[in-house]
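J.: Work out the full structure: start from the sequences and follow the hints.
Letter by letter, the chains look like this.
Protein chains: 2
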Amino acid sequence: MTLILNNEEIQHALSAEDCLEVMEEAYREQASSQAVNRPTSHSYLAHSLPQATYSFKSVDGGVRKFGVLALRITSDIVQEKNVNNSVRLEKLPLAGTGKFLGLVQLFSVETGELLAIMPDGLIQQTRVGVTSALGAKVLARPDSEVLGLIGSGGQARAHFRYLTSVRPIKRVKIFSPNSDHRKAFAAQMERETEIPTEPVGSAEAAVKDSDVVCTATNSSRPVFNAKLLEPGMHYNAIREFEMDEAALERCDVVAIHTRFGGIQHHLPPGLDRDLPGVRREKPRDWSRYPEISDLLVGRAPSRTSDRQVTLFLNNVGTGVQFAAMGYCAYRAAKEKGLGHEVPTDWFLQDIKP
Amino acid sequence: MTLILNNEEIQHALSAEDCLEVMEEAYREQASSQAVNRPTSHSYLAHSLPQATYSFKSVDGGVRKFGVLALRITSDIVQEKNVNNSVRLEKLPLAGTGKFLGLVQLFSVETGELLAIMPDGLIQQTRVGVTSALGAKVLARPDSEVLGLIGSGGQARAHFRYLTSVRPIKRVKIFSPNSDHRKAFAAQMERETEIPTEPVGSAEAAVKDSDVVCTATNSSRPVFNAKLLEPGMHYNAIREFEMDEAALERCDVVAIHTRFGGIQHHLPPGLDRDLPGVRREKPRDWSRYPEISDLLVGRAPSRTSDRQVTLFLNNVGTGVQFAAMGYCAYRAAKEKGLGHEVPTDWFLQDIKP
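The listed protein sequences correspond, in order, to chains Y and G. For the first sequence, position 150 matches number 150 in the numbering used here, and the numbering has no gaps at all. For the second sequence, position 37 matches number 37 in the numbering used here, and the numbering has no gaps at all.
Misleading hints may appear alongside valid ones.
Note: identical chains are not told apart, hence a pair may lie in one copy or across any two.
To be verified - Computed cross-link-like contacts, DSS-like style, restricted to lysine-lysine with a CA-CA straight-line distance of at most 30 Å:
no.	residue 1	residue 2
1	183	208
2	57	91
3	99	57
4	334	99
5	352	227
6	57	334
7	227	57
Derived by calculation from the structure, the hints in this document are not laboratory data.
T.: Printed below as a string of structure tokens:
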């Protein structure tokens with residue numbers, strides 16, 4: 001049977017412990033040539049709404065040990081909007097009754113079968129948060145007790161959850177520009193995790209005296225000045241452009257998620273950059289930094305003193321992360337009897353491809 | 001509702017007339033920057049069987065006018081086998097009860113929704129045959145009456161069907177190395193199309209005195225000598241390596257399917273070429289030849305006399321072809337009430353991607 005899951009079922013299925021263990025295993029497999037990634041592709045077409053573009057993204061990756069390859073796709077309509085004199089990209093919920101489409105499809109490496117189809121929303125947040133947590137596990141001081149978290153969205157939630165799973169965090173300071181958002185987020189996370197939270201009024205206040213600092217934002221500009229990083233701190237960023245580039249100099253040990261691939265953009269021939277919402281930010285050159293998998297298997301050094309400042313940049317996603325988290329969700333959902341099943345045979349054929 | 005189709009339903013849904021019309025429209029849209037393609041990617045992992053490799057292929061493409069983007073994937077286990085002292089690649093039917101997995105997934109460009117999931121087997125044969133037929137439509141002599149067809153598999157069947165739909169073919173000569181296969185194939189196609197067929201004993205006999213010659217084989221070596229091409233003939237090849245390279249000199253007008261992309265191969269880092277079944281034949285340089293879409297919109301010249309020899313090389317597949325044929329199958333199946341429906345909502349989410 002092919003399993004069809006929704007986000008509620010995935011939330012019920014996933015445990016932080018499993019996710020951290022399986023993701024770490026995936027990176028170890030990758031380090032020993034038993035996992036594969038292909039770079040992300042975006043295909044674009046004009047949309048009928050003004051300033052809107054259809055954007056289809058895909059990436060895949062597999063881990064032999066788990067017996068799965070995952071394909072992650074998103075099928076989005078993005079629209080450029082002018083907000084406070086700057087252009088913002090908004091994804092429009094035009095599917096069904098105001099919804100979005102993003103899927104992880106899991107294939108069996110042993111039989112070729114389609115094992116499961118699940119939404120990518122929770123998996124996406126989880127894969128970023130879990131990888132950041134593994135970064136903190138190898139780089140942050142073992143006695144880290146204070147987390148300074150900047151952001152209050154889905155990624156901030158995942159980072160709260162997973163960073164506090166790998167270090168004995170006793171207090172979380174939270175900043176995001178909207179004071180209602182940060183208060184509501186702080187209250188919600190405190191209820192959920194029973195870890196005391198403290199909404200603070202500035203990014204600086206979130207950074208000051210923290211042991212682990214995490215930016216989990218959508219910002220395309222640095223959210224705090226790298227000079228604020230103090231001896232002994234670990235800084236985790238989830239986008240290269242939310243991070244002050246000076247952090248690379250300020251930190252004694254720097255690691256990234258992956259040196260792998262950039263995004264490949266495909267437009268109708270001749271249109272080139274003429275579609276709204278097609279951003280092709282050129283990533284910085286990360287080739288000289290070690291990857292998380294190098295640190296996990298001891299091929300690159302971690303911190304050697306409690307005074308060093310460390311940085312983990314969770315720069316771009318990979319298919320292997322979706323394979324690992326998709327596998328976690330699938331395995332747990334099967335065990336717990338969650339989801340809809342449809343006959344696997346619906347997706348098979350006699351015709352030899 | 002999301003429609004799930006099988007090959008029988010697709011066969012019932014597709015008409016040659018629709019397929020030819022929709023595919024031609026797709027190429028015209030492509031010529032006016034209203035269609036998008038991304039190159040094919042292959043991701044590989046080691047398989048537990050000896051000399052076997054897991055191979056996941058994907059390609060996507062969309063046509064704005066049809067409102068769809070198609071993703072085509074295959075999830076295969078390929079095994080290297082020694083047959084008559086040469087290495088052959090075999091796809092193993094390990095899914096379900098001896099089946100294969102290959103899918104076309106159709107997405108709405110307007111809403112982002114998943115419209116349909118269907119097997120790729122018949123769509124794949126159809127997209128190649130229909131594109132070859134469009135090549136013959138613009139290049140072959142209008143009075144072509146004899147088709148010489150080399151091959152007796154699924155592609156030969158599709159080429160028989162579609163080439164005879166665009167020219168007044170009155171007789172089809174058929175060669176394939178196994179005499180039982182070619183006889184059975186000739187008898188079957190004659191029954192199906194009511195066009196007289198004649199199994200012949202050599203590739204040379206199939207070519208001689210034909211108006212249109214078509215090779216539809218798996219061969220990696222030329223299946224006949226280009227010197228056999230006579231004035232007035234049109235030659236259609238579906239793989240560059242089954243064609244004698246000298247045909248490029250022998251023919252007065254040459255066109256290809258697409259100059260677009262090559263195949264991108266992804267292996268676990270460090271393994272490089274060590275997996276069995278990973279073939280990376282370097283394609284020849286086709287950049288100086290016009291594409292079928294150029295000919296269809298009059299941007300490149302066709303034959304100017306009945307004495308010229310023309311060549312159409314249907315070199316590689318594109319996502320746009322899957323969008324066009326997937327759209328054909330989806331539209332017709334909806335009209336005829338074919339297939340299983342599952343709630344579109346199963347594949348949607350509230351979480352903003």
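J.: Against this structure, judge whether each hint is valid.
T.: Right, here's what the structure says about each hint:
1. 183 <-> 208: Close inside one copy (19 Å), not across copies (83 Å); limit 30 Å.
2. 57 <-> 91: both (13 Å within a copy, 28 Å between copies)
3. 99 <-> 57: Cα proximity of residue 99 and residue 57: in one copy and across copies (17 Å, 29 Å).
4. 334 <-> 99: Answer is both: 26 Å inside a copy and 23 Å across each meet the 30 Å cutoff.
5. 352 <-> 227: This pair counts as neither: shortest intra-copy Cα distance 61 Å, inter-copy 34 Å.
6. 57 <-> 334: both (28 Å within a copy, 27 Å between copies)
7. 227 <-> 57: The answer is neither: 37 Å in one copy and 47 Å across copies each exceed 30 Å.
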